[in-house]
Amino acid sequence: MNIVVLLKQVPSTESFIEIADDGVSIKTDNVKMVINPYDEFAVEEAIRLKEAHGGSVTILSVGREKTTESIRTALAMGADSGVLIQDSAAEGCDSLGIARILAAALKDIPFDLIIAGQRAVDDDNFQVGVAVAEYLKIPHVSMVIKEEITDGKIRCHRTVEGGTVILETSLPALFTTQRGLNEPRYASLPGIMKAKKKPLDIKTLADIGLDAEKAGKPMTKIMAVKYPPEREGGTIIDGDSAQAKAAALVRVLHEKAKVI
Amino acid sequence: MSQQCVLAIAEQSDAAFRKITYEVLSEGRRIANSLGCPLTAVVLGAGEDISKELGEYGADRILVADNQALREYVNDAYTNVIADIIDKENPCVVILGASTQGKELSARIAARINAPLAMDCVAVQVENGNLVITRPMYGGKILADVALDGNPQIAAIRPNSMSIVKTAGAGSVEKLEVDLGKTDLTFVEKNLETGKVELTEADVIISGGRGMGGSDFSVIEELADLLKGAVGASRSAVDEGWRPVSDQVGQTGKVVSPNLYVACGISGAIQHLAGMSSSRVIAAINKDPDAPIFSKADYGIVGDLFEIVPLVIDETKKIKA
Ligand SMILES: Cc1cc2nc3c(=O)[nH]c(=O)nc-3n(C[C@H](O)[C@H](O)[C@H](O)COP(=O)(O)OP(=O)(O)OC[C@H]3O[C@@H](n4cnc5c(N)ncnc54)[C@H](O)[C@@H]3O)c2cc1C
Ligand SMILES: Nc1ncnc2c1ncn2[C@@H]1O[C@H](COP(=O)(O)O)[C@@H](O)[C@H]1O
Numbered sequence: 001m002n003i004v005v006l007l008k009q010v011p012s013t014e015s016f017i018e019i020a021d022d023g024v025s026i027k028t029d030n031v032k033m034v035i036n037p038y039d040e041f042a043v044e045e046a047i048r049l050k051e052a053h054g055g056s057v058t059i060l061s062v063g064r065e066k067t068t069e070s071i072r073t074a075l076a077m078g079a080d081s082g083v084l085i086q087d088s089a090a091e092g093c094d095s096l097g098i099a100r101i102l103a104a105a106l107k108d109i110p111f112d113l114i115i116a117g118q119r120a121v122d123d124d125n126f127q128v129g130v131a132v133a134e135y136l137k138i139p140h141v142s143m144v145i146k147e148e149i150t151d152g153k154i155r156c157h158r159t160v161e162g163g164t165v166i167l168e169t170s171l172p173a174l175f176t177t178q179r180g181l182n183e184p185r186y187a188s189l190p191g192i193m194k195a196k197k198k199p200l201d202i203k204t205l206a207d208i209g210l211d212a213e214k215a216g217k218p219m220t221k222i223m224a225v226k227y228p229p230e231r232e233g234g235t236i237i238d239g240d241s242a243q244a245k246a247a248a249l250v251r252v253l254h255e256k257a258k259v260i
Numbered sequence: 261m262s263q264q265c266v267l268a269i270a271e272q273s274d275a276a277f278r279k280i281t282y283e284v285l286s287e288g289r290r291i292a293n294s295l296g297c298p299l300t301a302v303v304l305g306a307g308e309d310i311s312k313e314l315g316e317y318g319a320d321r322i323l324v325a326d327n328q329a330l331r332e333y334v335n336d337a338y339t340n341v342i343a344d345i346i347d348k349e350n351p352c353v354v355i356l357g358a359s360t361q362g363k364e365l366s367a368r369i370a371a372r373i374n375a376p377l378a379m380d381c382v383a384v385q386v387e388n389g390n391l392v393i394t395r396p397m398y399g400g401k402i403l404a405d406v407a408l409d410g411n412p413q414i415a416a417i418r419p420n421s422m423s424i425v426k427t428a429g430a431g432s433v434e435k436l437e438v439d440l441g442k443t444d445l446t447f448v449e450k451n452l453e454t455g456k457v458e459l460t461e462a463d464v465i466i467s468g469g470r471g472m473g474g475s476d477f478s479v480i481e482e483l484a485d486l487l488k489g490a491v492g493a494s495r496s497a498v499d500e501g502w503r504p505v506s507d508q509v510g511q512t513g514k515v516v517s518p519n520l521y522v523a524c525g526i527s528g529a530i531q532h533l534a535g536m537s538s539s540r541v542i543a544a545i546n547k548d549p550d551a552p553i554f555s556k557a558d559y560g561i562v563g564d565l566f567e568i569v570p571l572v573i574d575e576t577k578k579i580k581a
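Heads up: the sequence lines are chains S and U, in that order. Residues 1 to 260, numbered by my numbering, are exactly what the first sequence covers, in order. Residues 261 to 581, numbered by my numbering, are exactly what the second sequence covers, in order.
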């Protein structure tokens with residue numbers, strides 16, 4: 001089974017995000033970049049499926065040169081090869097633009113299954129994986145915590161508000177990950193050594209047959225970014241006893257905040 | 261262009277509207293007013309009897325496709341049907357909830373019809389006939405104002421962030437015959453916990469973290485029940501196996517915006533804050549006076565949660581009595 005993982009490199013979740021001078025982007029100079037946590041679940045699941053069913057795992061990403069580091073990490077975990085689409089024209093794309101590029105790149109990569117993250121924790125867009133499935137005209141299931149593949153069919157447990165729904169479809173298909181699917185492994189030292197020799201192709205938009213001008217035209221545009229309102233924070237409720245503190249908290253929540 | 265409408269997609273589960281539906285209709289009405297155009301609601305898989313109610317939230321027309329095959333939401337059939345409706349109604353704006361359903365449905369529709377989509381909007385403005393929306397990014401560490409350019413413009417709004425407004429009036433209900441089109445997905449079954457308040461829709465959330473010390477969350481559950489709220493958890497509590505993954509609040513869990521969030525035995529790591537810092541009021545109970553959660557909490561109590569929470573329950577009962 002040929003599995004492709006859509007992987008995005010993002011700032012690590014503990015990073016302090018600072019707005020750049022242009023007022024529309026963020027400073028990336030001193031930010032630690034990692035594999036999007038949801039894509040890490042995707043890499044892990046792909047490797048487990050390969051271990052169970054045979055086949056190969058290809059990592060596909062649109063990103064800057066630095067993204068090769070994250071692809072190498074995925075290769076060290078056990079993926080077989082990587083493809084990075086690196087083109088300055090891709091940088092102006094919105095989610096649908098990125099999805100179109102990924103779908104175009106997938107014309108040259110054989111696949112039975114595509115796994116993406118439910119969202120990238122930088123733009124939190126929840127769009128790219130689903131849009132790729134639409135462009136490829138294949139079914140998708142999102143926010144999957146468990147899947148089983150038998151006889152060319154995939155059965156997915158998808159999380160919804162208040163529970164789960166089970167859906168089935170035939171391959172080729174795409175699913176997006178949810179926490180709970182698996183615990184991603186760490187790359188081992190031998191894995192890291194092997195990863196250095198695994199193929200990692202870097203391609204431009206022209207290489208995958210896309211017109212750079214058209215691919216980049218976004219329909220959504222960030223006009224400004226700002227920090228959320230500072231939370232005032234910090235009335236520590238004092239009192240002579242635990243009883244007095246609890247009573248004071250309930251009173252203020254009831255009378256002042258009017259939330260209970 | 262004045263004949264265009266705002267199209268609001270309702271969301272039902274077992275023939276009852278989810279709360280987000282009222283938020284979507286109310287916000288849709290506000291946008292329609294700004295644009296000076298009618299509001300059309302779409303209901304799939306539920307009856308005309310329940311659909312009538314949407315008129316009270318501002319729908320001028322209510323299109324109902326009570327098809328048996330649409331009772332359970334499945335993304336491909338829903339995408340096909342809604343894309344057809346969009347084609348016929350030619351809306352300038354499509355609004356829906358950024359629920360687990362709306363998130364994938366909106367993305368699939370946007371790609372199908374090549375329309376701009378803004379996910380998880382917390383505010384929507386109309387500027388020169390176009391939408392400019394505000395949405396959190398980087399786990400809520402920043403807010404972005406995003407301009408949409410295209411037709412229709414799709415806004416998926418974050419649950420619990422827009423107010424529900426009733427308006428006098430009754431929309432006209434129209435029955436739709438729909439074609440499900442080509443579908444590949446088969447709905448097998450669903451397993452929903454009945455009676456449980458969904459975190460993303462809850463007005464009150466009481467969360468427990470590693471400070472709970474074990475899987476006994478009964479004090480937290482009791483307070484949550486008393487306030488008709490939901491129980492949440494930090495990732496540590498989930499990693500310990502004390503709570504299901506579906507209870508996790510944070511950057512890799514659920515993003516919640518209740519009226520009241522009470523963090524018990526939670527330190528306030530940046531990834532946890534990402535999931536709950538847009539709550540209206542935050543209270544924290546932690547025995548460490550230096551816990552970072554206190555810098556975000558409106559009200560804090562330094563103390564042992566196993567001592568404080570039962571007292572909070574007693575005091576709340578007194579107020580409710
Ligand atoms: C990629 C990534 C994603 C992550 N995503 C999330 C996420 O989505 N959500 C999330 O929550 N975390 C997330 N984390 C984990 C996060 O960094 C923290 O480790 C986690 O939130 C800590 O949980 P905690 O506050 O329960 O535990 P701790 O940090 O151990 O805090 C426990 C607190 O309980 C207090 N305490 C102990 N006993 C008592 C008592 N009897 N009474 C009162 N107080 C007591 C202590 O003083 C302490 O402050 C993520 C981490 C990474 C790396
Ligand atoms: N630039 C990219 N390259 C490869 N995959 C991506 C890229 N952007 C997004 N994705 C995939 O789409 C998912 C959802 O991303 P998003 O829609 O940006 O929240 C991610 O978890 C990835 O699997």
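A few of these clues could be false.
[Stated by the list, open to error] One-sided excerpt, in silico: chain S residues whose CB lies under 7 Å from chain U:
{"id": "1", "residue": "His53"}
{"id": "2", "residue": "Glu65"}
{"id": "3", "residue": "Glu134"}
{"id": "4", "residue": "Leu136"}
[What the hints assert, rightly or not] Quick list of in silico lysine to any residue cross-link-like pairs, SDA-like style, CA-CA up to 25 Å:
{"id": "5", "chain 1": "S", "residue 1": "Lys214", "chain 2": "U", "residue 2": "Ile373"}
{"id": "6", "chain 1": "U", "residue 1": "Lys577", "chain 2": "S", "residue 2": "Val252"}
{"id": "7", "chain 1": "S", "residue 1": "Lys258", "chain 2": "U", "residue 2": "Ile373"}
Calculated directly from the structure, the hints in this document are not laboratory data. Note that beta-carbon positions come from the ideal geometry of N, C-alpha and C, so glycine has one too.
Hints, one by one, checked against the model:
1. His53: Violated, because the Cβ-Cβ distance from His53(S) to chain U comes to roughly 21 Å (cut-off 7 Å).
2. Glu65: With a minimum Cβ separation of about 22 Å from chain U (threshold 7 Å), the hint on Glu65(S) is violated.
3. Glu134: holds (4 Å)
4. Leu136: violated (10 Å)
5. Lys214(S) / Ile373(U): holds (17 Å)
6. Lys577(U) / Val252(S): holds (15 Å)
7. Lys258(S) / Ile373(U): violated (45 Å)
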